[in-house]
Amino acid sequence: MSEATGEANVIPGSGGVSDAFNIEGRDVPESRPVIPLGQKTYDGEEQPRMGFFTDTTVCIGCKACQVACKEWNEVPDTIGELTGTSYDNTGALGADNWRHVAFIEQRKEVFVQQEAGLGTPAVEGEPDFRWLMSSDVCKHCTEAPCLDVCPTGSLFRTEFGTVVVQEDICNGCGYCVPACPFGVLDRREGDGRVWKCTMCYDRQKDGMEPACAQACPTDSIQYGPLEELREKANGRLEMLVEAGAEDARLYGANEQGYGMGAFFLLLDDPEVYRLPPDPEVVSRRFASLWGSAAVAAGAMIAGVAAAFVGGSR
Amino acid sequence: MSGRYEPQPQLAGSEQGGSPDGRGAVRMVPEEEVRSYYGRPVLKEPVWTWEVPLYLFAGGMAGGSSLLSLAARAGGNHTLARRALLVALGGATASPVLLVSDLGRPERFYEMLRVFKPTSPMNLGTWVLSAFGATTGAAVAGDILGIFPRATRLSEVASAVLGPALSTYTAVLISDTSVPVWHAARRELPFVFAASSMASAGAAAAILTSPEDAAPARRLTVGAALVELGLTEVMKRRLGDLVAEPYEREEAGRLDKLSKSSTTVGAALMALAGRRRPAAVAGGALILAGAVLERWAVFRAGFQSARDPKYTVVPQRERLRDREGA
Chain A
1006 MSEATGEANV IPGSGGVSDA FNIEGRDVPE SRPVIPLGQK TYDGEEQPRM GFFTDTTVCI
1066 GCKACQVACK EWNEVPDTIG ELTGTSYDNT GALGADNWRH VAFIEQRKEV FVQQEAGLGT
1126 PAVEGEPDFR WLMSSDVCKH CTEAPCLDVC PTGSLFRTEF GTVVVQEDIC NGCGYCVPAC
1186 PFGVLDRREG DGRVWKCTMC YDRQKDGMEP ACAQACPTDS IQYGPLEELR EKANGRLEML
1246 VEAGAEDARL YGANEQGYGM GAFFLLLDDP EVYRLPPDPE VVSRRFASLW GSAAVAAGAM
1306 IAGVAAAFVG GSR
Chain B
110 MSGRYEPQPQ LAGSEQGGSP DGRGAVRMVP EEEVRSYYGR PVLKEPVWTW EVPLYLFAGG
170 MAGGSSLLSL AARAGGNHTL ARRALLVALG GATASPVLLV SDLGRPERFY EMLRVFKPTS
230 PMNLGTWVLS AFGATTGAAV AGDILGIFPR ATRLSEVASA VLGPALSTYT AVLISDTSVP
290 VWHAARRELP FVFAASSMAS AGAAAAILTS PEDAAPARRL TVGAALVELG LTEVMKRRLG
350 DLVAEPYERE EAGRLDKLSK SSTTVGAALM ALAGRRRPAA VAGGALILAG AVLERWAVFR
410 AGFQSARDPK YTVVPQRERL RDREGA
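As you go down the protein sequences, you meet chains A and B in turn. Residue numbers for the first sequence follow the numbering used here, beginning at 1006 and rising by one. Residue numbers for the second sequence follow the numbering used here, beginning at 110 and rising by one.
Hints listed in this document are in silico derivations from the structure and should not be mistaken for laboratory results. Cβ coordinates follow ideal geometry from the N, Cα and C atoms, glycine included. Worth double-checking, as some hints may not be accurate.
As the list claims (entries may be wrong) - Partner residues aside, some chain B positions facing chain A, computed with beta carbon under 10 Å:
hint: 1; residue: G148
hint: 2; residue: L177
hint: 3; residue: D211
hint: 4; residue: K226
hint: 5; residue: W291
hint: 6; residue: G311
hint: 7; residue: R327
hint: 8; residue: G332
Can you build the whole structure from these sequences, using the hints too?
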């Protein structure tokens, strides 16, 4: 990866990473090491941690990411019905939707956005109407609970710091499904196994960017070394705030909480986009999870013993 | 929120901007609006089916039974010890069948055993259940055939040591998820499951054993049933009105109420007339039914809790506000 980043203009998918992140031609910074479970390191094979930065302010809702993802990863087509709330016809992330474009219609003054060149479409004759669109995806967390709870080791941490399901091992126990705080993973009907975004692991291995990022016509989806993307996102946020977009905010652009490998620039509260505002890192509650189970197990021994206090018959 | 079952969630939901599909949207926080993506869930509902709550019950009962068996053996009540051990074996046999059949790919069940993974309660549980099944089976076989007495005793002890782990790890399993009603109850759930397991073990033994040998089993089941009833209430109270709401409505609400009645009547019957076999059988059956229903209520409450975004969003918003305020 590192040799590509020095070039000023890299054509997407041609061996570098996202053109957007390469414009400034920075060196690849050290990202926080993500140590795979049960493994100390990838040694020489370890790559910089890669991620997605989804800048929703330039999303035009074309769903090219959804289509490209399905095409490349051979995800079954789901001709969904329109949800009736806007142009969303897939509803949520799941086994058959590894990207999901949310459409939110709001009554809101939009002149600020237009002046800032955010491209948020307004409807003629509706000056106080705005459309929010955002392409959601697996967050590839540092503290991934799906990976923690997976009983077979089917879910694993790649050399790119991402989280991937090995379909030849998954036995469809379904534990990762309620473990995920973002509702990303689901079992595929008729298949029985769990499927989710792999960040196009196969493409990554060949130095290509994921299909969704490559297909995105506005570079709303940007791919690159996570550390670099986070810096870039902060710059973008500053720019937006200066331009008067007071709503703009970053979601998951640091190592706090889950340490998301895919993060977002939003124009409203996360929950409006179906994102949890402050998810608790569930599987790191080791003491309260196992501690009370241990005490309860001890209490069972005491309880049964107490039943024999009055005699054994 | 008053009384019985859900008061027309559809109406209340659509009026106040709750979920448009009308699934559980009665506002408990009236002052401010809960924001969401058109009422769609943030979390995925679990994909687990009926086998899982039944396993929570069967595994729990088995774990309590092996412990009861060892205690009876130590006290010289061999009849009770033998019956309880048979219950433990029954549970240990049914459990893997239930678990494997719940898998999306049952033929790949063995993948669970290709790793030892302490971060996964399900993986640890698989190992505990396997060891429990092996030791309980060995203990029963040795007891029936009358061979290898020392190995048989050793198996009994091992089975009794693994029993409480088997009964309580399932609480950790479901608490180690993002489902609010499960995760927020991670401190209380193991105790609820422990009490319920002891009540089931006592009830099953009291059904299978003649009353003159079953006094400790009766005491265990009555005491544990009362503790179970109390702890369930403690759990709900500590969850708070909003997070515990699934226990008050829809399927989980009905199951919870049914469980409470069944357990209460069963415990009363067992306490007052347990010395007579028919009453012991009836009381025991009611307590067992109460335990199954309670696990089912906890199970279904998780689905309801995952389905409505307010259970996810409101506590997280409160946490954010507290952090900003501090």
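(request) Run the structure past the numbered hints and jot down the numbers of the failing ones, going up. (result) none
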